[in-house]
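Engineer: Protein sequences appear in the order of chains W and B. Numbering-wise (the numbering used here), the first sequence opens with residue 1 and increments by one. Numbering-wise (the numbering used here), the second sequence opens with residue 1 and increments by one.
Hints in this document: simulated from the structure, not taken from any laboratory. Among the hints, a few may not be true.
Reference listing, derived: stretches of chain W covered by chain B, where coverage requires no fewer than 3 residues with Cβ under 8 Å from a Cβ of chain B [stated by the list, open to error]:
1) 187-195
2) 210-224
Label pairs and their in silico Cβ distance ranges [said to hold, decoys possible]:
3) B/N140 x W/P317: 17 to 23 Å
4) W/R315 x B/E124: 52 to 58 Å
5) B/Q17 x W/K318: 40 to 46 Å
6) W/G294 x B/I86: 34 to 40 Å
7) B/Q134 x W/L280: 43 to 49 Å
8) W/S143 x B/S138: 55 to 61 Å
No experiment lies behind these values; they were computed from the predicted model shown. Virtual Cβ for every residue (Gly too), placed ideally from N, Cα, C.
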Amino acid sequence: MNGLRKYSGLILAIVVVLALVAWPTINGKDITREVVFTMILSVALASSLNILLGYTGYVSFGHVVFFGLGGYVGFYLMAVQNWSLWPAMLAGGVASGTLAFFLGKAILRLRGGYFALATIGVNEAVRAFINNYKPFGGPVGLSLNFSVYQNYGGGAREALWLSFYMLAALTILVIIVSYAVRTSKFGLGLLAIREDEDAAEIMGVRAPNAKTWAYVLSAIFPGILGVLFFFKNGNIEPAPAFRLQLSIEMIVMVMLGGQGTVLGPILGGAGYQRFRGFLLTNPLFKNIQLAVAGFLLLIIVLFIPAGIIGWVRNRFPKLRRVLQ
Amino acid sequence: MIILQVEGVGKQFGGLQALSNVTVDLPQGEILGLIGPNGAGKTTLFNVINGVYEPSDGRIIFNGKDITGLKTYDVARLGLARTHQIVRPLNELTVRENVIVGACFGREDHGLAAAGAIADEVIEFIGLSVRTDQLAGSLNIGQKKRLEMARALAARPYLLLLDEVLAGLNPSEIAGMVEIVRKIRDRGITIIMIEHVMHAVMNVSDRMFVLDYGQQIAIGTPEEVANDPKVIEAYLGDPELAERLMSDAD
Ligand SMILES: Nc1ncnc2c1ncn2[C@@H]1O[C@H](COP(=O)(O)OP(=O)(O)OP(=O)(O)O)[C@@H](O)[C@H]1O
Ligand SMILES: [Mg+2]
């Protein structure tokens, strides 16, 4: 019982994801599965970004680079080198984590807006590179042979369901990692950096190291997810892999739900994606959905900078234990 | 035993010589009062000692180790903690979390659980127990100064640098804080204390060290310093202060 209380924040977060996963599982519909797929993918991406943005206070505007790069590396291994999905996913995660490690050493010394700008530059540079990189198919990209899917449960439909449950498992793993970081000494160091980096260092927090590892952690999962996403997609091209819009949406999700909390990016990711789905199917908003996202970000920053969870926490301090 | 040696330290900001040729040895267990008019270079000396700035000249030896040019976090982990003249609370963290940061990343490098126990003890000692779960950003200035002290103490330092912890406090708070400073020294912690509240710093210091325009102009017991013509002259720009200095020494 005590343990339950202690982990109530984590349990609540996982229950939310499981509830989403249960929905298509129960009704068995492909369309529902697709809707929920994008929702929990957003949850996983937002929770990853939150480790850097929410806990450490560094705004990465180009975080999609890790999704794209990981996706490309894994996809290349599957499509050209005939690797199977699992090791390819791992390789995608390693590739993105490695990029973050070296990038971190170089650009994490920049503060505030300069760091944010540098991350956009990195994304554009990697995209330009891959656009011209022949082994990765240049501007055309790569595609998977349809027969590959037979190795994953028999046919394309089975492979889609399998991808869905893989994603669900990964998302829960991201949430556990996010929670573990949040409640660890390492995480406390990150929060201290977020609040006042110089003061944190003066108290002994090795900020350059801590920031780099936060960056690496926040990059690994997008890399893995990129492989899974493009595997399910069947092909990969530079434009969808390094779509800056996704970066911005990830920030909106984290901010909407509540940066720096475990539950915030989960609600933000799922909620935003649901909202976006509504915009996409609405003829009035279909073409201006990014503008709506920008407007939403503005509203959040101006009126509820702590996000939904942050707002509730401030309003009802008693709920702090649960809403971590 | 000498815990800190400042050897011929100078610091330049562009054309401004904020410190020149400062030399002082600090025996373990001493409270050294650091005084001087506004802009004399007191805070800069702290910044040079704990690694915020690298000195332009000279060396800093701490516990026999040359720490000149080390990063602040490395200096902190060697057992040197400080407070800030302009307080720097970690606003969105609670008082307790702030102090846990001090204990976690300080000299003893504790895990969260042990750091929590130290934090509770230090918070009690410094008199912030009723605020422990409050966000640091919501404290008033006196409480924030206490929080600075608590965080620094939780690191279990050998040497504590206090930058104007009495500024902005009312007389009874000052008396309480002076008592706390004495108790900290009784725990074996060496202290350098920058202070403008003359009677308090004269009262509590074993020795006083006076800076003026980045130059050290006097060092000695509070009486010696208060009667030093150079010190009186330095404070002539501030006659009121000179007067207070004189009367407090009597
Ligand atoms: N980072 C900096 N860059 C440029 N000049 C600085 C910097 N820090 C301090 N100074 C200058 O160095 C001189 C000494 O400043 P310092 O803050 O050390 O004085 P102080 O003795 O602590 O004064 P106070 O009693 O007002 O706190 C001042 O002229 C100040 O303007
Ligand atoms: Mg000062």
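Engineer: Now look at each hint and say whether the structure bears it out.
Structural biologist: Status of each hint after checking the structure:
1. 187-195: holds (count 6)
2. 210-224: Violated, because only 0 residues of the stretch 210-224 of chain W bring their Cβ atoms closer than 8 Å to Cβ atoms of chain B.
3. B/N140 x W/P317: 17 to 23 Å: Hint holds: Cβ distance 19 Å, inside 17 to 23 Å.
4. W/R315 x B/E124: 52 to 58 Å: Because 30 Å falls outside the window, the suggested range is violated.
5. B/Q17 x W/K318: 40 to 46 Å: Since the Cβ atoms of B/Q17 and W/K318 sit about 56 Å apart, the hinted range of 40 to 46 Å is violated.
6. W/G294 x B/I86: 34 to 40 Å: This hint holds: roughly 36 Å between Cβ atoms.
7. B/Q134 x W/L280: 43 to 49 Å: holds, 45 Å
8. W/S143 x B/S138: 55 to 61 Å: holds, 57 Å
The structure fails hints 2, 4, 5 (numbered hints given earlier, in ascending order).
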